[in-house]
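A.B. asks: Assembling the complex is the task here: the two chains are given apart, and the hints tell you how they should meet.
So the protein sequences, as listed, match chains A and B. Residue numbers for the first sequence follow the working numbering, beginning at 1 and rising by one. Residue numbers for the second sequence follow the working numbering, beginning at 321 and rising by one.
Some hints here could point you the wrong way.
Stated by the list, open to error - Sample of chain A residues with no beta-carbon within 12 Å of chain B, all distances over it, derived:
(1) ALA24
(2) PRO39
(3) ALA61
(4) ALA78
(5) ALA80
(6) SER84
(7) ALA86
(8) PRO158
(9) GLU159
(10) PRO160
(11) GLU168
(12) PRO169
(13) LEU170
(14) ALA173
(15) ARG194
(16) PHE216
As the list claims (entries may be wrong) - Using 27 Å as the maximum straight-line C-alpha spacing, the simulated DSSO-like pairs for lysine-lysine come out as follows:
(17) LYS579(B) to LYS403(B)
(18) LYS279(A) to LYS579(B)
(19) LYS569(B) to LYS319(A)
(20) LYS316(A) to LYS279(A)
(21) LYS569(B) to LYS279(A)
(22) LYS518(B) to LYS403(B)
(23) LYS430(B) to LYS520(B)
(24) LYS579(B) to LYS316(A)
(25) LYS403(B) to LYS512(B)
(26) LYS17(A) to LYS579(B)
(27) LYS77(A) to LYS182(A)
(28) LYS319(A) to LYS279(A)
(29) LYS279(A) to LYS17(A)
(30) LYS579(B) to LYS569(B)
(31) LYS569(B) to LYS316(A)
(32) LYS316(A) to LYS286(A)
(33) LYS17(A) to LYS77(A)
(34) LYS286(A) to LYS569(B)
(35) LYS518(B) to LYS430(B)
(36) LYS519(B) to LYS286(A)
(37) LYS403(B) to LYS430(B)
(38) LYS430(B) to LYS519(B)
(39) LYS319(A) to LYS579(B)
(40) LYS403(B) to LYS519(B)
In case anyone wonders, no lab produced these hints; they're calculated from the structure. We treat Cβ as the ideally placed atom computed from N, Cα and C, and that holds for glycine.
Next come the chains, spelled out residue by residue.
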Amino acid sequence: MAEVLVYVDHVDGAVRKPTLELLALARRVGEPVAVHLGPGAETAAPTLAEHGAVRVLAADAPEFADYLVVPKVDALKAAADAVSPAAVLVPSSAEGKEIAARLALRLESGIITDAVDLTAGDDGPVATQSVFAAGFTTRSRVSRGVPVITVKPNSTAPEPAPAAGTVEPLEVAFGELATGTKVVSRTPRESTGRPELTEAAIVVSGGRGVNGAENFALIEALADSLGAAVGASRAAVDAGWYPHASQVGQTGKTVSPQLYVAAGISGAIQHRAGMQTSKTIVAVNKDAEAPIFELVDYGIVGDLFTVLPALTDEVKARKG
Amino acid sequence: MSLRIVVCVKYVPDATGDRGFTEDLTTDRDAVDGLLSELDEYAVEQALQIAENADDAEVTVVTVGPEDAADALRKALSMGADKAVHVEDDDLHGTDVFGTSLVLAAAIEKAGYDLVICGMASTDGVMGVLPALLAERLGVPQATLLSEVSVADGQVTGRRDGDTATEQLQAALPAVVSVTDQSGEARYPSFKGIMAAKKKPVENWDLEDLDIEAESVGLEGAWTAVEDATERPPRTAGEIVTDEGEGGKQLAGYLAEHKFI
Ligand SMILES: Cc1cc2nc3c(=O)[nH]c(=O)nc-3n(C[C@H](O)[C@H](O)[C@H](O)COP(=O)(O)OP(=O)(O)OC[C@H]3O[C@@H](n4cnc5c(N)ncnc54)[C@H](O)[C@@H]3O)c2cc1C
Ligand SMILES: Nc1ncnc2c1ncn2[C@@H]1O[C@H](COP(=O)(O)O)[C@@H](O)[C@H]1O
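One chain only, chain B, in its complex shape (with noise of 0.2 Å):
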């Protein structure tokens, strides 16, 4: 029987891009160009691997995001997934953790699964919590956060380097995982992925297609409220001098006049 992977993947604006808020809060995803998040990329990486060790897989991409979100499916599908869901919907707009889980959970029940893999933590939101989240909505096991991860004979083991320890964890399929960038660089596309891609299936779903209602989700069903955002005042210029053989003497009187030492 066939395996099947859903991989859950995020359009988020580019990190090295100027980022901020629009007037109602949320992140403002008109001022940078947005991008599939690189974190993203090790959880599609991970699936092709599964994928390419069993015999018979299928690697399903979701995203919940707006239109421009597609960019997102389609590089991970020219990685090599097999097909892609867009869940798009205007409500959507402003939806927090709890909304997005919701979403998610009830796109990939519809997908069908075996396997959910994640990646760590959105470059945006960078919570870290969605997976764990998927795991109770879905009420299935998680296996989070693993810097290496494999499936056999119907269950998935993984290493997870926590703060304290270093875990092996097991659990049996359908289950839910998420992979560091400590699992393995993500390939690139190649050209034949990148033509090939455009022709794979992209199915778009509305909250309609997932049958859930526009109040448990957006800016109005958000459990969460920013009450304001201030930008960060930039760390004011400090003094640089050039080391002409006493960088390291006067570096520690500096320290020492701030009574580091």
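Just chain A, with the same shape it has in the complex (with noise of 0.2 Å):
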């Protein structure tokens, strides 16, 4: 059976839930071959091997995070060289997307960013593409060379299906441009011991309604009472009530949990270009003619400053 190469995203071998689910798409078109690099590899190994990795190929070098981009790729051409691979997954990251492109670019095969699902095809995998703010479903497929695919988060659930996992050292000779971008400082996000944004089942958002940051505390306790992650709409973040990294839409995070929560966000295109596809969509606002209402499963017109409280408080009893 043919072998599929997937980048595992991971942080000191930490490996985190996207390439998870990189490993149960990749088994509908191959067997998966898991690229670990950086430190970490031997603790990743064994979830990876649980999730289905024949083997993975670690290297380890002070370049990768040293340096921008360019030996992740160099790294993942040396793997693609060694192993012939059917296909080649990376997670939808703007990194992800980066290092997929010009690994691409490299081996002279096309690229499909952000599916958000794949599936076997006569030609090759087959990828969905929610188009132009999630308004249209696309199906492609790479007509040429090896197919590099990058898939977005919560497109598949995990499924364990356990393979060998034998860590593999992987030869890489970094190249001319590997070291052209330095990483002069890295501040790790602080964790804010909620679920990520892009991989949480549920998400609570709220939008300039919320009106300050000091009243996102009513946001983030709905968000801690459900074990939500919380979101915000550009309008919050440009006021700076809520960090960017919190930010869902066209230049911020695309959401696709089980439940997105909106709070006081009227629903505007951008917007919804980043949560458009959430299983099931609820909202708050005191305006009965918000765009937001046009999307929703169940909307409540009125004042979030009085239901997201009760809201909070009849969670918390009903879990008891």
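C.D. replies: As structure tokens, this is what we get:
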């Protein structure tokens, strides 16, 4: 059976959930071979094996952390040359897409970014994408070379499927461009203790209607009662009420949770672009004409300052 | 010596319009009015600021696109860019991101550059990979997705806010950068700027001017194929309730009914 390369997104060997989703998708088109760059391959290997990685190609070098993107492209290219895969899957993070694009160019292969589903087809993998602010769904295929596909988080559920997951060293020779852009310093984002926005099953977002940074406590309280991640509209982010890392929408994160709660958000097209594929959408907005109500499964026309605290209390009461 | 800045700007269908596809499954560019991609305004803005802080700099805006794309160039010129290059050719219809990066790289080299500035993503394609591809093709460093950027002593530095960390980047010129919508509000063209733009030079190049074969671009040259495109069914109208004191409880009831709590 043909092998499929899966790029592992991890923090020091702690594998991030989207990678497990990629392994599940990879098994639809071949045998997953994980590519682990940087420290922690031995830590990651059991998790990768449990989710179907037949092999783990590992390389560690200071270049991966000290320079932007290109060293990882060099490594993935080395892996592709060694394995001759049927496809290469990469998580659709900002960095993942850049790595994938440069790899595809070097392989003279087509690329599909931001896939939300993947199936095996007669002429290779067929990727589903959601385009024009999720107004359309397209199915595409790479028509030249090794398909390189980046997949959005939450596109499928991780599925355990134990395999060998043997760690094998990957030889990487860095090219001249590898050290072009130096990462002078790196400040890890502080963990909020809440689920990752793009990975969460429930997201509670606040917009301009929240009316102040201090009032985001209402959003956070509801989120915590539901075990949810917190999101924000660009208006709330631009006002400085909540960090940009939490922005949902075209220029923020795309989320596709089971449940999306929008409070004080009007539902502009650029916001919709980031949340329209959520399974269930509910909204609280005091304006009955707000466009967000065109999307919702359930909406409350009302003041979030009274509705949210009551909702939070009720959730807590019901959860006991 | 003059700092040559090239800004890549794209002409896109208005996101607030009803966007769709044509029969050959390429973006329908007639159905909706076009404009300079809002995310590229940030690139123009940063280029102008870098130029203003340099002793001597020249800002060239480049677009690859149909005849109407000249509007995008005009807007960038009226914001303050010095000159423009419009690459247009009938054979470009349906070009994918690899083709576009091939053409843009050739145009940038022909124009001459020390620094290339792109937007973070185009508002229609939203791939956000073209800047990385340009760097690969031009063989220069990429410092992309910067929310802060500056140029001094032949180096470009900037801040990249990633998913898990914020990074401070540094690269020697020539380089390709892209800037996010966090990099600072773009200026509005002044009346004077709009008038001045009318007299600024716009060069028109086609594929032959760039020594690019028609086969390597267009629908034929694309490395991916769209099999089908379906309009997403509008979400079925949900239940909308006006809060009369019980809104929070009612919403909790809905969430419980659907097993979220
Ligand atoms: C290129 C580009 C990219 C963009 N990218 C993004 C993006 O990634 N994400 C994004 O979100 N936006 C993005 N935008 C901005 C987008 O167009 C909207 O401006 C933004 O989403 C509006 O945010 P909002 O809904 O919070 O604010 P508003 O549109 O001002 O809506 C606030 C809502 O709150 C309601 N409200 C007020 N008070 C209360 C109350 N007490 N109780 C209940 N409801 C209340 C109001 O009725 C209103 O509907 C982008 C725009 C552009 C041009
Ligand atoms: N046809 C084009 N002409 C000029 N610049 C472009 C074109 N397409 C993309 N770009 C540039 O590349 C950036 C990222 O585009 P994309 O990778 O398509 O999302 C844009 O913000 C522009 O700066």
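A.B. asks: Determine for every hint whether it applies to the structure shown.
C.D. replies: Quick rundown of the hints versus the structure:
1. ALA24: holds, 21 Å
2. PRO39: holds, 15 Å
3. ALA61: holds, 18 Å
4. ALA78: holds, 16 Å
5. ALA80: holds, 15 Å
6. SER84: The claim holds: SER84(A) sits with its nearest Cβ about 18 Å from chain B, beyond 12 Å.
7. ALA86: holds, 16 Å
8. PRO158: holds, 18 Å
9. GLU159: Non-interface label stands for GLU159(A): nearest chain B Cβ at 21 Å, farther than 12 Å.
10. PRO160: holds, 23 Å
11. GLU168: holds, 26 Å
12. PRO169: At roughly 25 Å from the nearest Cβ of chain B, PRO169(A) sits farther out than 12 Å, so the non-interface label holds.
13. LEU170: Holds, because the least Cβ-Cβ distance between LEU170(A) and chain B comes to about 21 Å, which exceeds 12 Å.
14. ALA173: holds, 17 Å
15. ARG194: Holds, since 15 Å exceeds 12 Å.
16. PHE216: Holds, because the least Cβ-Cβ distance between PHE216(A) and chain B comes to about 18 Å, which exceeds 12 Å.
17. LYS579(B) to LYS403(B): violated, 59 Å
18. LYS279(A) to LYS579(B): With Cα atoms ~13 Å apart, LYS279(A) and LYS579(B) stay inside 27 Å; holds.
19. LYS569(B) to LYS319(A): holds, 14 Å
20. LYS316(A) to LYS279(A): Within the cut-off at roughly 23 Å; holds.
21. LYS569(B) to LYS279(A): Holds: LYS569(B) and LYS279(A) sit about 22 Å apart, inside 27 Å.
22. LYS518(B) to LYS403(B): Holds, at roughly 11 Å.
23. LYS430(B) to LYS520(B): holds, 19 Å
24. LYS579(B) to LYS316(A): OK: LYS579(B) and LYS316(A) at ~14 Å, within 27 Å.
25. LYS403(B) to LYS512(B): holds, 16 Å
26. LYS17(A) to LYS579(B): Distance of about 23 Å is within 27 Å: holds.
27. LYS77(A) to LYS182(A): holds, 21 Å
28. LYS319(A) to LYS279(A): Distance ~22 Å between LYS319(A) and LYS279(A) Cα, so the pair holds.
29. LYS279(A) to LYS17(A): Holds, at roughly 19 Å.
30. LYS579(B) to LYS569(B): Satisfied, since the Cα-Cα distance of roughly 15 Å is no more than 27 Å.
31. LYS569(B) to LYS316(A): holds, 11 Å
32. LYS316(A) to LYS286(A): OK: LYS316(A) and LYS286(A) at ~24 Å, within 27 Å.
33. LYS17(A) to LYS77(A): It holds: about 24 Å lies between the C-alpha atoms, which stays within 27 Å.
34. LYS286(A) to LYS569(B): Given pair LYS286(A), LYS569(B) holds - Cα atoms ~17 Å apart, limit 27 Å.
35. LYS518(B) to LYS430(B): holds, 23 Å
36. LYS519(B) to LYS286(A): violated, 50 Å
37. LYS403(B) to LYS430(B): Holds - the C-alpha atoms of LYS430(B) and LYS403(B) are around 14 Å apart, at most 27 Å.
38. LYS430(B) to LYS519(B): holds, 22 Å
39. LYS319(A) to LYS579(B): holds, 11 Å
40. LYS403(B) to LYS519(B): holds, 10 Å
The structure fails hints 17, 36 (numbered hints given earlier, in ascending order).
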